[in-house]
Structure formats: structure tokens, C-alpha cells
Amino acid sequence: MRKRYRYVALELASPLVAIAFAVLVGAVVIAAIGKNPVQVYRIMFTFAFRRLDSVGIMLFGATPLIFSGLAVAISFRAGLFNIGVEGQYLIGTFLAALAGFALKGLPSFVHLPLVIVVAALGGALWSLLPIYLKVRRGVHEVISTIMLNYIAFSLIHYLIADVFMDKQQGLMPGVGNPLIRLPKIAASALMPRMHGFLALLGVDLPRHVYLNWFFPLGLLLAVAVHYLIWRTAFGYELRAVGHNPAAAEAAGIDPAAVQIRAFLLSGLIAGVTGLSDLLSYFGYMDLDFPKGYGFTGIAVALMGKNSPLGIVLAALLFGFLNRGAEGVQTFAGVPMDTVVILQGVMILSIVVASAVMGRYIRRQERKEALGASW
Amino acid sequence: MTWRRLAVIGLLLLFVVAAVGAGCAKKEAPAPTPAQPAEPEKPKALRVGLVFDIGGRGDLSFNDAAYAGLERAQKEFGDKVETKYLEPSAGGENREQLLRLLAEDKYDLIFGVGFMFTEHVAKVAQEFPDTKFGLIDGFIDKLTESSNISCLLFKENEGSFLVGAAAGLKTKTNKVGFVGGMKIPLIEKFEAGYIAGVKYVNPKVTVFSDYIGTTGEAFKDPVRGKELALSQIKKGADIVYHASGASGIGVIEACSSQKKLVIGVDSDQSLTAKPEQRPYVLTSMLKRVDVAVYETIKAALEGKFQGGYQVFGVAEDGVGYAVNEYNQQMIKDIQDRLEELKKKIISGEIKVPQDKKELAEFEKALPK
Amino acid sequence: MAFLELREVTKRFPGVVANDRISLEIDRGEIRALVGENGAGKSTLMKVLSGLYQPDAGEIRLDGRRVVIDSPRRAIELGIGMVHQHFMLIPRFTVLENIVLGSEPARGGLLREREARRIVGELCQKYEFTLDLGARVEDLSVGAQQRVEILKVLYRGAEILILDEPTAVLAPQEVRELFVNLRHLRDQGKTIIFISHKLDEVLEIADRISVLRRGVLVGTVRREETERAALARMMVGRPVLLELEKGPYRPGEDRLVVEDLTVPGPGGRPAVRRVSLRVRAGEIYGIAGIEGNGQSELVEALSGLRRASAGRILIGGVSVTEATMRRMRPVTEGRVRRARPVAEGRVRRLRELGLAHIPEDRQRRGLILAMTVWENGVLGLHRSPSFARRGWLQVRPIKKHAQSLVREFDIRLPGLDIPVRNVSGGNQQKLILARELGREPTLIVASQPTRGLDIGATEFVRQQLLRARDRGRAVLLVSADLEEVLSLSDRVGVMYGGELVAEFRPGEVTPEEIGHYMLGGRARATEAAVGGTRGADGAGGTGGAGGGVGPAGGTGGAAGADGGVRGRGGAGEAGGTGGGMA
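Protein chains in written order, with the working numbering: chain Z, 42 to 415; chain S, 48 to 415; chain Y, 21 to 602.
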């Protein structure tokens with residue numbers, strides 16, 4: 042088809058148009074608080090792209106979102122809505138932290154992989170109940186995963202604050218507040234950062250950038266998920282069940298079995314989400330461990346249209362928005378509330394604009410296909 | 048689907064190009080010169096930066112108190128200081144980056160508001176030895192007077208003891224309440240001091256204790272705060288003390304709507320409450336974060352900044368109870384008694400408990 | 021002068037001209053049939069007439085005056101009423117309430133039921149409609165419901181009635197009754213536009229017939245001046261084979277045996293009751309019946325998608341019921357939401373035994389619309405060694421396979437990479453057929469295989485089924501289209517109320533009698549059917565002997581009728597004498 046080139050162009054243009062639209066809407070918001078949009082945007086972009094540490098921080102910030110986005114996308118593909126990535130990664134992170142400080146004297150090449158496996162299993166564990174309830178009892182997974190999120194929050198709080206809290210923190214008698222955290226993780230379980238490797242390539246990353254090997258691991262995982270979905274028999278069944286369980290069933294695929302596997306896989310990936318922060322930034326888990334990666338992961342999966350490569354891009358975009366926001370807040374004097382609104386508006390307009398473009402393209406395709414069959 | 052994939056790859060390439068471009072650009076201009084509107088800078092103005100905890104300004108308690116200190120310094124010292132405040136993202140994962148950005152931007156004195164900043168302040172302070180840091184509520188080991196970190200610590204239990212005593216003296220039903228935010232040792236310190244104060248003056252009183260939640264959300268959930276306060280009132284409580292940040296707005300609302308008394312926290316909440324709520328604010332437990340911030344800025348300005356630990360208890364006037372034009376009449380009758388207790392704390396005659404265990408011992412030792 | 025006149029009416033949709041300068045003249049008191057394949061533009065034209073669409077060009081004249089029909093309300097004011105294919109009635113309301121709904125004679129907000137009853141009663145009398153006005157619509161037969169719809173339109177003062185595929189849901193008797201009513205209406209001066217693609221009906225009822233093809237009016241002919249083949253040629257644009265080529269009937273061994281099968285329906289009540297039948301290699305066994313009489317549940321049970329509660333199913337001599345009964349529970353209704361145990365591989369096992377299933381709802385059960393043509397080409401085969409190796413899809417062989425399916429079954433597509441969603445209905449069905457028949461199955465269960473297809477595609481599908489039969493496959497054909505069942509099948513069973521109430525060879529029985537069974541004429545058949553089964557099991561010969569008597573006599577006693585109805589298996593074996601007898 043000659044016309045296909047037009048679609049390539051359109052498809053390429055779609056996110057760009059979306060971003061342009063988002064920038065435009067954002068400008069209105071900025072102007073509304075009496076700042077100069079051009080200047081704010083300039084600060085945002087130069088801050089994010091002209092500083093090496095910013096680039097590294099963006100990649101670091103995108104890392105957990107790649108994992109949570111992939112976890113959400115896999116469940117989406119199977120026709121399930123895993124809202125529970127949030128709880129799954131907290132449980133996974135907690136168990137990893139536990140394995141990280143409790144096991145001592147292991148060599149790093151055993152300890153680190155072990156901790157990662159424990160995290161993944163923790164996530165899968167937390168996804169077991171919802172999918173069991175779904176296929177056996179017909180309980181909608183959205184309800185059960187939301188509930189399990191709350192249970193995870195409280196359970197983690199209890200386990201950290203009341204059971205495993207690190208009592209060895211030196212405090213002055215009578216004053217000061219201990220961090221509510223687990224003991225620090227053994228060095229053998231920490232994920233090395235990428236500084237050494239990048240130095241070989243001539244990139245001298247500042248010390249305060251926590252970019253680590255989970256980022257390339259996330260990229261690898263995205264590639265793996267891509268092949269899993271599009272090139273394996275299981276991926277085929279996953280998509281079939283996701284699109285039309287009735288037809289899949291008639292073709293001899295067991296929808297329940299496929300959904301169980303897909304959901305557990307989603308949980309496995311979700312479990313690893315928090316490790317980039319845990320194993321190369323904090324080095325311990327505290328009550329204040331970053332929350333919300335699961336929910337942002339839903340947005341990332343939506344923006345990435347459930348395609349692994351799209352998810353990587355969307356995660357990078359979030360990384361950029363967050364880092365850019367820091368710059369805007371610090372150097373352009375835009376208050377945090379406005380920055381949050383700006384981020385929200387940009388995400389929303391990207392989603393809307395790309396949906397509109399996508400629909401337009403699909404309509405064109407359909408017209409062409411029908412035309413050709415006549 | 049090939050063209051779709053092409054599009055994605057194209058975009059990815061774009062990103063990589065941008066990143067690489069950024070890397071090269073960095074090498075050409077090694078000094079990070081953040082874009083700043085050129086401004087005729089007055090020489091030697093002390094640059095003071097402050098990073099709030101999650102929630103930021105407008106919580107009418109902890110963060111706002113810190114801001115009040117900053118504001119006061121700005122007002123009093125005028126051109127001699129230059130202030131800026133930042134707020135972390137909702138997840139709080141960028142606290143450290145914000146501290147670092149301020150340090151990079153040559154701020155001389157940087158505050159981290161809240162004990163969650165403990166590790167981050169420690170790390171960034173090490174990277175920027177010439178920058179001074181104030182850490183509120185957090186404790187970092189092995190600091191000396193020459194360190195570039197000053198931990199600003201409060202004896203919240205002592206202040207809570209005083210307002211607890213006020214509640215114990217004022218209650219008519221012999222039932223009072225406590226609403227905490229997140230169940231963490233810091234808030235339990237408020238609770239222990241409060242209960243000790245109540246029991247010290249009036250052993251017959253029952254204290255209801257509730258916590259809003261197990262996540263940071265607990266400090267910004269006025270709806271839940273209101274619910275808990277109402278249920279305590281239903282059980283007979285006629286005075287409720289809250290230590291729950293912005294959630295306390297709901298507690299105050301609940302009490303004033305039921306015509307019961309409420310005790311505020313951190314800043315003087317009579318002043319921030321709505322006019323129709325004021326008659327019901329018995330007093331507030333003042334935790335003078337504003338004083339701590341102001342004093343630290345002042346010391347830095349005068350070149351007297353001291354590393355180590357600054358402890359603010361009743362003796363230092365760092366904690367206490369609020370008296371203002373609105374509650375003067377209400378607490379006039381018990382003020383003498385409260386002052387007397389204050390002296391006892393300062394003299395060490397009363398040792399206020401700071402957690403559950405100490406509270407149990409304290410109660411045992413009380414005269415029956 | 022024509023009563024209703026369309027002049028050069030044109031309606032365009034993006035990329036398509038649905039109606040291209042169509043001019044029609046319809047007289048008062050005429051029954052005009054509008055025929056054409058799917059997508060020919062019939063519905064669009066009628067939507068223009070009933071005010072749902074605005075034409076892009078052209079004009080409409082009513083009684084010589086130019087009119088603009090800009091809303092359905094305006095159409096009704098002008099006396100144009102539409103009787104929809106899917107009834108728009110409220111089941112819990114009475115007939116009367118449904119008829120007056122929306123334009124009740126009222127005074128001061130009070131419904132004047134007596135007056136309503138009088139008006140509607142007069143209408144019934146005038147047009148000789150038999151209807152119990154007090155009955156609830158949910159208790160009525162489909163034919164009676166349709167009369168309610170027509171009355172509704174008449175009550176609103178329609179002079180022109182548009183009927184969209186009105187016979188699609190009716191049994192032959194009901195069709196006859198409808199035609200009687202329509203003729204009365206015509207004789208009283210009403211104008212009727214009758215949309216259909218069933219040529220026999222059109223030739224029976226219409227005064228003139230207009231044929232549309234691809235948005236263009238091909239021509240209008242008088243009924244007396246045309247015949248089936250000519251009409252079909254006009255519709256399709258090329259000669260159409262209306263008579264199907266069918267090889268000699270040489271049945272082989274039993275491929276499917278169903279014994280006393282009972283299957284629960286969606287509500288848990290049995291939807292299939294004690295059905296017994298057998299389908300043999302090299303034959304097509306057709307199941308006729310009005311939809312909703314248990315056919316769907318029967319097919320689902322046979323294809324492993326629904327659990328039977330009693331009875332046995334044997335495929336190629338292997339009992340599959342134990343497996344099905346123990347491990348299956350009612351499953352997929354819409355999305356997967358019913359509770360059920362994990363039962364991996366039930367359907368797959370049936371498929372491995374050689375079952376091919378052409379589902380009645382092809383978009384819901386047969387295809388995954390969002391996936392591409394090549395992916396759908398191996399749905400269900402994707403785990404077979406030639407298409408998956410160690411879990412990896414072998415894309416090249418799969419695409420090659422799809423290519424060969426497309427070639428062999430003449431599926432017209434712009435490419436293999438497009439989602440099936442973007443393929444026309446006929447080509448979708450061809451793809452399913454290609455996939456299922458391409459597996460070289462031993463038993464084919466085809467449910468409503470030509471529903472909604474145009475003539476060309478219908479012809480193709482039927483030919484493929486016959487070809488499969490001629491090549492020794494066993495085919496179970498379920499269809500609501502009686503004509504289809506009769507013309508394709510070697511043996512026919514009629515389902516009513518979940519039971520197989522009659523079984524015969526086509527030609528043994530008149531359409532009237534079949535209609536009688538379809539409408540629940542059990543008195544003559546049921547008891548006998550049970551006895552007949554037993555007999556057939558033992559020695560089919562005796563049943564066959566009686567078979568000749570039943571249909572021939574037409575009014576033969578109970579014993580004769582059931583014998584004739586049930587014994588056909590024997591007759592067939594005896595060398596196809598059954599057909600000769602009728």
C-alpha cells in the first residue's frame with residue numbers, strides 16, 4: 042500500500058503533536074500564574090537536558106516506572122486491570138529488604154540475585170489472591186487489588202514500625218526521632234551504580250546520581266516482554282484472551298489458566314519495581330519509601346499503549362517531567378502546586394491528543410481496508 | 048504494525064540523541080550555570096533555602112510553622128537575607144535532589160523540615176562542606192559544634208504534658224481524646240506526654256486515643272480526622288487534642304460543631320482557625336519550629352552558627368502552650384497551675400515520659 | 021402520479037456512496053419490495069425515508085409535494101412508519117399499552133384506556149389482525165409481537181409502512197399469516213415497502229421489486245415479469261448458482277452420537293432436554309427450529325463450551341461426556357466472569373478428536389477482531405508443532421498458512437497484516453470456514469453459518485459445507501433458515517422447547533408440517549420421537565417403512581407420524597428411498 046507511508050508519518054507525528062498540544066496547554070497554565078511560559082519552558086528543558094546529572098536522574102527516575110508500567114501492561118493485555126501493582130511492589134520491596142539485611146556473609150553474586158528473586162516472588166504472592174478470587178469466585182480484580190493495596194500499606198507499616206524496626210539508631214536520650222526503618226541492607230545485596238561502566242564510555246556521571254543497573258535491566262525486560270507478547274504461543278493466548286475470552290475459549294484456550302499466569306507474571310514484575318530505589322538509593326526500607334509507582338505505572342502503561350517500547354518512552358517522559366519540575370520549582374520560582382497541575386495537564390493532553398490521533402489513523406486504515414475488499 | 052514500531056523506535060532515537068547532545072553540551076560548559084534571570088544581587092545577602100516535607104505550605108501546623116520562621120527572618124533582616132522554599136513531590140523521593148539543588152545554587156543555609164530528611168541532609172551536607180544545614184526533628188549521630196549541620200530537636204512530650212494538664216483540669220465529663228496522624232514514635236511522644244499531663248492533674252480521667260493511618264496521607268486527611276474526633280465526642284470526650292498536621296483541620300471542625308473544646312498543635316491554631324471556631328480552641332501545644340528556624344538564621348547571619356544539637360524544651364521556650372486574645376478568658380483560671388507545672392518540668396521534678404513504656408512507669412508512680 | 025417519489029436521492033459516507041442518485045416511484049396501495057445484498061444501500065435508503073439520515077442531494081415527494089424529513093418525528097407526521105427488524109416493545113406491558121405508548125389518548129394526564137382500547141380494536145377489525153389486547157407482550161409468539169409492532173405504526177396514522185427484513189424471525193406459518201395481513205393492508209390503501217433478501221418471499225408478496233446493488237438502483241420489475249434467477253443476477257451482478265451441486269448420499273459410520281443429552285441453559289433450567297441424534301460420515305444433519313429453542317445450548321455442549329447435566333456424547337466412538345461433565349461448568353458469558361474450576365484443555369481435547377466448530381456468533385466466538393488476519397488463521401492451532409516450536413510462534417509458517425487459506429477460500433483482503441475487525445462480514449466467515457475446514461476435521465458443527473452474509477458469500481459457504489460432506493466429513497448444521505436446512509441436509513431434525521420433536525429426510529415432509537413442528541406441534545410427534553429413537557437404535561428398517569406413510573398421509577395418526585418422523589435413518593440406509601416416497 043502506497044498510503045502506508047502516510048500512516049508512518051502520522052504515527053510518528055502523533056506523539057509529537059500530542060506533546061506540542063500539551064506544551065501549549067501548559068503555557069496557558071503558566072501564563073495564568075503570571076509567569077513567562079517561554080522562560081519557564083526554557084528553564085525546564087535546559088535544566089533537564091543540558092545537565093549531565095539531570096539526564097542521569099531522569100533515567101533513574103524512569104527505572105521503577107518501566108517495571109510498574111510493564112506489570113500493568115501485561116495484565117491489561119490479558120484483559121485484567123491490575124490496580125494492585127502498588128501493593129505488590131511494596132510487599133516485594135519489603136521482603137527484599139528483609140532478605141537484604143537478614144542474610145549476611147553471602148557473596149554478592151548470590152545475594153543480589155536472591156534478593157531480586159525474593160522481591161519478584163513477593164509481588165507474585167500479593168497477586169495470587171486477587172486472581173484466585175477472580176477465576177474461582179468471580180470477584181472483580183479491581184476491587185480485590187485495591188483492598189489488598191490497603192492491606193499492604195498497613196501490613197508494611199506494622200512490620201516496619203513494630204516488628205523489624207532498626208533499634209540501633211544512635212539517638213540522644215530524650216530528643217530526636219528515629220527513622221522508622223528496617224536495618225540497613227548488607228553491601229553484598231546492593232545494586233552497583235553505572236558510574237564505572239559509563240566512565241569507560243567517557244561519560245563522567247556525578248556521584249549524586251543514583252542511576253544503576255536496574256535501568257538497563259528494565260530495558261532488557263521491556264524487550265523480553267515485547268517478544269513474549271508478540272512472538273510466543275503464550276503471548277498469543279494472552280492477547281487472544283484479553284481481546285475476546287469467548288473466542289479464545291472456543292479455540293481451546295483456557296481463559297482462566299491464561300489469566301492466572303498473566304496475572305502472576307504481572308505480579309512478578311511488579312515486585313521488582315521498588316528495587317532500584319531500595320538497593321542503590323536508600324539502602325534500607327523505611328515507612329517513607331516512595332509510594333505511587335504502581336498508580337503512575339497505570340498512567341505509563343496507558344500512555345505507552347501497553348506496548349513495551351511505548352512504556353519505556355512514557356516512563357522516560359515521566360522522568361523528564363519530574364526532573365524538569367524540580368528545575369522549574371528551584372530556578373523559575375513556580376510553586377509546587379502549579380508544577381503538579383502543569384504535570385497533570387501535560388499528561389492528560391498527551392493522552393487525549395494521542396487518542397484522537399490514534400482514532401483518526403485507525404479510521405483511515407479501516408476505510409482503506411474496506412475499500413480494498415470491495 | 049511495522050510502521051507503529053518504526054514510530055516508537057524513531058522517538059526512542061530522538062530521546063537518545065537528546066541525551067547524548069546534553070552530555071556533549073555538558074562537557075563544553077563544565078560549570079553548571081543554571082538559567083537565572085539576571086538580577087542585580089546585593090553583595091553578601093545570606094541565602095536561605097528551605098525544603099518542606101510532603102504537603103508543603105498550608106497545613107496550618109508543622110510546615111506552616113517552619114515557613115513562619117522563614118518569613119519572620121525575611122521581614123526582620125530585609126535585604127540581608129534572601130529566602131526560597133521548595134516542596135518535594137508527592138512520593139517524597141526527591142527530597143535529597145531538592146536539598147542538593149539549593150546547595151548547588153549557593154544557598155548558605157538550608158533547612159530540611161522533618162525527620163524524614165535525616166539521611167538526605169547527612170549525605171548532602173557531606174558533599175557541600177561549606178554550606179550550613181538545619182535539620183528539624185531529625186537526629187544525626189556524632190555531630191560537633193563545628194559540623195555544618197545543626198539538628199533542631201524538640202521535647203514535644205513536655206509541651207503535650209502542659210496541654211494535657213489543661214485538658215485534665217478543664218474536662219467536665221472526665222473523658223478526653225487524642226487524635227494522632229501517622230502511628231510513629233514521633234507522634235506517640237505527643238500522646239505519651241499528653242496522657243501523662245492529664246493523669247497528673249486528674250487521675251480519674253479516661254483518655255481515648257486514635258490514629259488516622261499508616262501512611263504519610265494520615266497527615267492530610269481532615270475527613271478521617273473529623274470522623275475520629277466525632278466518635279470520641281460521642282463516647283463522651285469533651286476535649287480533643289490532635290497531633291495530625293493538616294488532618295487536624297477536621298478535628299477542629301468536629302469539636303467546634305459539637306461545641307466541645309479542641310487543642311491545637313505546632314502553631315497557635317486559635318489564630319488560624321475560622322472566627323466561629325475560635326471559642327472552642329482551648330489552647331495549642333506550641334512547637335516553636337518558627338523560633339528554631341528564625342534563631343538559626345539569625346545566628347548564621349551573625350556568624351554564630353553552631354553545628355550539633357539544639358534542643359528546644361519547655362526550659363528553652365521551644366515548646367509550650369498558647370495564650371492569646373481568644374483563649375485568655377478560658378484558661379485564666381488554670382494558668383497559675385500550668386505555670387507551676389512548667390517550673391516543675393524545668394527543675395526536673397517532673398520527668399515527662401516520651402513513649403508508652405515510660406508512660407506506664409509514670410502512671411504507676413503517680414500518687415493514688 | 022406516484023404517491024411516494026424519490027428523485028436522485030444521494031447519501032454519502034466518508035469513502036462510500038451508500039445511495040447514488042436513486043429514483044423510485046411507489047404507488048398508493050402497492051407492496052414494493054426492496055432487495056439487495058448486504059451493503060447495497062437498502063437500510064440507508066430507508067433511514068433517509070424515516071428521517072434518521074438526511075440525503076446529501078435529491079428530493080423526496082409525497083403525494084406530489086416536496087417534503088423534508090428531518091427527524092423520525094417528522095416522518096411519522098407525514099405518515100411514514102418503520103417496523104424494525106428488532107422489536108422495540110416493552111415485554112412487561114400489555115399489547116394495548118405497547119401500542120399506545122408515547123401517544124396515549126389522555127385528558128388531564130389520565131390515560132383514557134377505554135378510548136385507547138376502542139381505537140385499537142377498530143384498527144384490528146379493519147385490517148383483520150387477531151390480537152388479544154390485554155395479553156402481555158412477553159407471553160406472545162414472535163409473529164404476534166410483530167403484529168403489535170405493525171399496529172403501533174398504524175395507530176400513529178402511517179400511510180406508508182416500511183418493514184425491514186420482517187420474515188427473518190418467523191416460521192413458515194407465521195410468514196403466511198404476515199403476508200395475509202400485509203395484503204389486507206394494501207387492499208385498504210396502505211403502501212408497503214418490504215425489505216428482504218429472500219427471493220421466494222419477495223416473489224410471493226410484492227407487486228413490484230426494486231433491486232439495489234452497491235448503492236445504485238439496478239432496476240425495478242413487476243413480479244409477473246421476473247423469476248428467481250433473474251432477480252439473483254440483478255442483485256449480485258453475475259449469474260448465481262441457486263441449485264447446489266450435491267453428490268450422492270453415501271453415509272458412513274457414526275461420527276457423532278448424542279444420547280439423551282440434557283443441557284442446562286443460562287438460568288439453570290434445562291435448555292436441551294433428552295436429545296438423541298447421530299451424525300454419520302458423509303452426511304449433513306440439519307437442525308431446524310425457531311431460534312431460542314435450545315439449538316445454541318446443544319451446539320455449545322457439543323463443542324465443549326457448556327456442561328451437559330445428563331446424557332452422553334460420543335465423537336468418533338469416544339465418549340467425551342465424562343470429561344465434559346466432570347470438568348466443565350457454565351463458563352464464558354461475555355467476559356470470563358462465572359465461577360468455575362480450572363479445566364485446561366477440554367475444548368482442545370474435543371478439537372483433537374477432529375471436531376471443527378463454526379460458531380453462530382462469529383465475532384464473539386469465532387474470531388479475535390483486534391488481532392490480524394494471519395493470527396486469526398491459526399487460532400486454536402497456534403500450539404501445533406508446525407506453528408509453535410518450544411513456545412515460540414513460527415511466524416513465517418503461520419503467515420504462509422494464512423496465505424494459503426486466503427487463496428483457497430478466495431478471501432478478499434488488502435493484506436494479512438490488517439486486524440480482522442476491518443474485514444467485511446462475508447470474508448470474516450470465510451476465514452473461519454477456511455481455518456476450521458482446513459484442519460481436515462472429521463466432524464463439523466456449523467451454527468448459523470450464513471447468517472447476515474450476502475448471496476455470494478452464502479453460496480460459497482454452502483458449497484464448502486457440501487464439499488466437506490462429499491469428502492466424507494460428518495456435518496451438523498444448525499440454522500434458523502429453513503430453506504437452508506432443507507436444501508443442504510441429508511437428514512433434518514426439528515427442535516422445539518429444547519427437544520428434538522421431529523426427524524425426517526428433506527422432501528418427506530411439506531414445509532407446512534415442518535412449520536407445525538417448529539411452532540411446537542408436539543402432539544403428533546413427541547411421544548413417538550422417543551419410541552422412534554429406541555427403534556432406530558435397534559433396527560432402523562422398521563421406522564423407515566413407516567416413514568413413507570406419515571408425510572404422505574399428512575394427517576396420519578400419531579403412530580404413523582412419529583414413525584415417519586423418526587425412522588428416516590433406516591430409510592436412508594436402505595438406499596435413499598425416503599426421498600422418492602415424498
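Just so you know, these hints were derived from the structure itself, not from any lab.
From the three backbone atoms N, C-alpha and C, an ideal C-beta is built for every residue, glycine too.
Hints may be right or wrong, so weigh each one.
Unchecked claim - Keeping only pairs whose Cα atoms sit at most 25 angstroms apart, straight-line, the calculated SDA-like set for lysine to any residue is:
#, chain 1, residue 1, chain 2, residue 2
1, Y, Lys146, Y, Lys67
2, S, Lys403, Z, Asp327
3, Z, Lys346, Z, Arg83
4, Z, Lys208, S, Lys153
5, Z, Lys346, Y, Ala390
6, Z, Lys208, S, Lys170
7, S, Lys403, Z, Val66
8, Z, Lys225, Z, Ser185
9, S, Lys122, Z, Ala227
10, S, Lys170, Z, Ala227
11, S, Lys189, S, Asp402
12, S, Lys267, Z, Val66
13, Y, Lys419, Y, Ser406
14, S, Lys153, Z, Leu200
15, S, Lys222, S, Gln305
To be verified - A few chain Z residues that face chain S, going by a derived Cβ cut-off under 7 angstroms, partial list only:
#, residue
16, His181
17, Ser185
18, Phe194
19, Leu220
20, Ile221
21, Pro224
22, His236
23, Asp329
24, Pro331
25, Gln370
26, Ser395
27, Gln405
28, Glu406
Now for the hints, and whether the structure bears them out:
no.	hint	result
1	Y:Lys146 with Y:Lys67	violated, 29 angstroms
2	S:Lys403 with Z:Asp327	holds, 22 angstroms
3	Z:Lys346 with Z:Arg83	violated, 29 angstroms
4	Z:Lys208 with S:Lys153	violated, 36 angstroms
5	Z:Lys346 with Y:Ala390	holds, 14 angstroms
6	Z:Lys208 with S:Lys170	holds, 21 angstroms
7	S:Lys403 with Z:Val66	violated, 53 angstroms
8	Z:Lys225 with Z:Ser185	violated, 33 angstroms
9	S:Lys122 with Z:Ala227	violated, 48 angstroms
10	S:Lys170 with Z:Ala227	holds, 19 angstroms
11	S:Lys189 with S:Asp402	holds, 24 angstroms
12	S:Lys267 with Z:Val66	violated, 29 angstroms
13	Y:Lys419 with Y:Ser406	holds, 12 angstroms
14	S:Lys153 with Z:Leu200	violated, 41 angstroms
15	S:Lys222 with S:Gln305	holds, 15 angstroms
16	His181	violated, 24 angstroms
17	Ser185	violated, 20 angstroms
18	Phe194	holds, 5 angstroms
19	Leu220	holds, 6 angstroms
20	Ile221	holds, 5 angstroms
21	Pro224	violated, 14 angstroms
22	His236	violated, 14 angstroms
23	Asp329	holds, 5 angstroms
24	Pro331	holds, 4 angstroms
25	Gln370	holds, 5 angstroms
26	Ser395	violated, 11 angstroms
27	Gln405	violated, 12 angstroms
28	Glu406	violated, 10 angstroms
Checked against the numbered hints above, the structure violates hints 1, 3, 4, 7, 8, 9, 12, 14, 16, 17, 21, 22, 26, 27, 28; every other hint is satisfied.
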